[in-house]
Amino acid sequence: MPSQTKQLTHYWTILTKNVAVDQMTNNMILGEVLEEIRYQIPQMEKEKIERAIKKDGIIALPLNAYLASYLESDQPNSQRTITIEYVLPNGKTEKAIEQTINFGSNKRGRNITNIQLFKVCGSGKYIFRLLTKVNGKQESLAEIPLFLTLQYI
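Mind the numbering: the sequence shown is residues 17 to 169 in the working numbering, read in order.
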């Protein structure tokens, strides 16, 4: 069931490795949906990574993925701003970005956000949280979990 605020309905958000918009149908084509990632790290890097996490609390790992969303506004030809928060397993919000979504005459809107680096503090459940403002207050639209495992090989 879609989550709905007074002005915005969220139908879905997916974390995927590939996304494209078909020019003929205007549909999104999603490929390789992500719900779990295993980073295989050489054993000789383990001490270096653990030191970096202990020192900085976080390390950056490469991740070329997209957060793709489909929403609907109650007003045609409008714009809405959503906030995407990236939440670590300890509950700390590491980063928040704002995206403006344009809604056409059919009231539909899509957002595609490219994610190139993944900041991690170890294995665990990471959350991408979508929020929007309603009457000046942030309201949650969706939470997309991503389970991460660091494997030393």
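Hints may be right or wrong, so weigh each one.
As the list claims (entries may be wrong) - The list that follows gives simulated cross-link-like pairs (lysine to aspartate or glutamate, DMTMM-like), each with its CA atoms no further than 20 Å apart:
#1 141 to 88
#2 33 to 61
#3 153 to 101
#4 108 to 38
#5 135 to 52
#6 141 to 90
#7 71 to 101
Claimed, not checked - Label-pair restraints from in silico Cβ distances:
#8 90 to 64: 49 to 55 Å
#9 36 to 140: 18 to 24 Å
#10 36 to 168: 15 to 21 Å
#11 168 to 141: 28 to 34 Å
#12 66 to 86: 37 to 43 Å
#13 121 to 169: 16 to 22 Å
#14 168 to 25: 18 to 24 Å
#15 54 to 151: 49 to 55 Å
#16 110 to 61: 42 to 48 Å
#17 41 to 133: 44 to 50 Å
#18 116 to 80: 31 to 37 Å
Bear in mind the hints are in silico, worked out from the structure with no lab data behind them.
Backbone N, C-alpha and C define an ideal beta-carbon position, used for all residues, glycine too.
Against the structure, the hints come out as follows:
1. For the hint linking residue 141 to residue 88, the alpha-carbon distance of about 28 Å lies beyond 20 Å, and the restraint is violated.
2. Using a Cα cut-off of 20 Å, the hinted pair residue 33 and residue 61 is violated, with the two alpha carbons roughly 26 Å apart.
3. The suggested pairing of residue 153 with residue 101 holds, with an alpha-carbon distance near 15 Å, which does not exceed 20 Å.
4. Restraint check for residue 108 and residue 38: not satisfied, since their Cα atoms lie roughly 37 Å apart, outside the 20 Å limit.
5. Among the hinted pairs, residue 135 with residue 52 is consistent with the structure: their alpha-carbon atoms are about 15 Å apart, no more than 20 Å.
6. As the CA atoms of residue 141 and residue 90 are separated by approximately 33 Å, the hinted pair breaks the 20 Å bound.
7. For a cut-off of 20 Å, the pair hint linking residue 71 to residue 101 is broken: about 24 Å separates their Cα positions.
8. A hinted range of 49 to 55 Å for the beta carbons of residue 90 and residue 64 is consistent with their spacing of about 51 Å.
9. The hinted range of 18 to 24 Å is not satisfied by residue 36 and residue 140, whose Cβ atoms lie roughly 31 Å apart.
10. A beta carbon spacing of about 35 Å between residue 36 and residue 168 contradicts the range 15 to 21 Å that was offered as a hint.
11. Between residue 168 and residue 141 the CB atoms are about 20 Å apart, so this pair departs from the stated range of 28 to 34 Å.
12. Checked against the hint of 37 to 43 Å, the C-beta distance between residue 66 and residue 86 comes to roughly 40 Å, which is consistent with it.
13. At roughly 53 Å, the beta carbons of residue 121 and residue 169 sit outside the given window of 16 to 22 Å.
14. The hinted window of 18 to 24 Å between residue 168 and residue 25 is violated, with their beta carbons roughly 44 Å apart.
15. Checking the proposed 49 to 55 Å range against residue 54 and residue 151 shows it is violated: the Cβ atoms sit about 42 Å from each other.
16. Between residue 110 and residue 61 the Cβ separation comes to about 22 Å, which falls outside the hinted range of 42 to 48 Å.
17. The hinted range of 44 to 50 Å is not satisfied by residue 41 and residue 133, whose Cβ atoms lie roughly 32 Å apart.
18. For residue 116 paired with residue 80, a C-beta distance near 23 Å fails the hint of 31 to 37 Å.
Figure legend: structure checked against the earlier numbered hints; hints not met, in rising order: 1, 2, 4, 6, 7, 9, 10, 11, 13, 14, 15, 16, 17 and 18.
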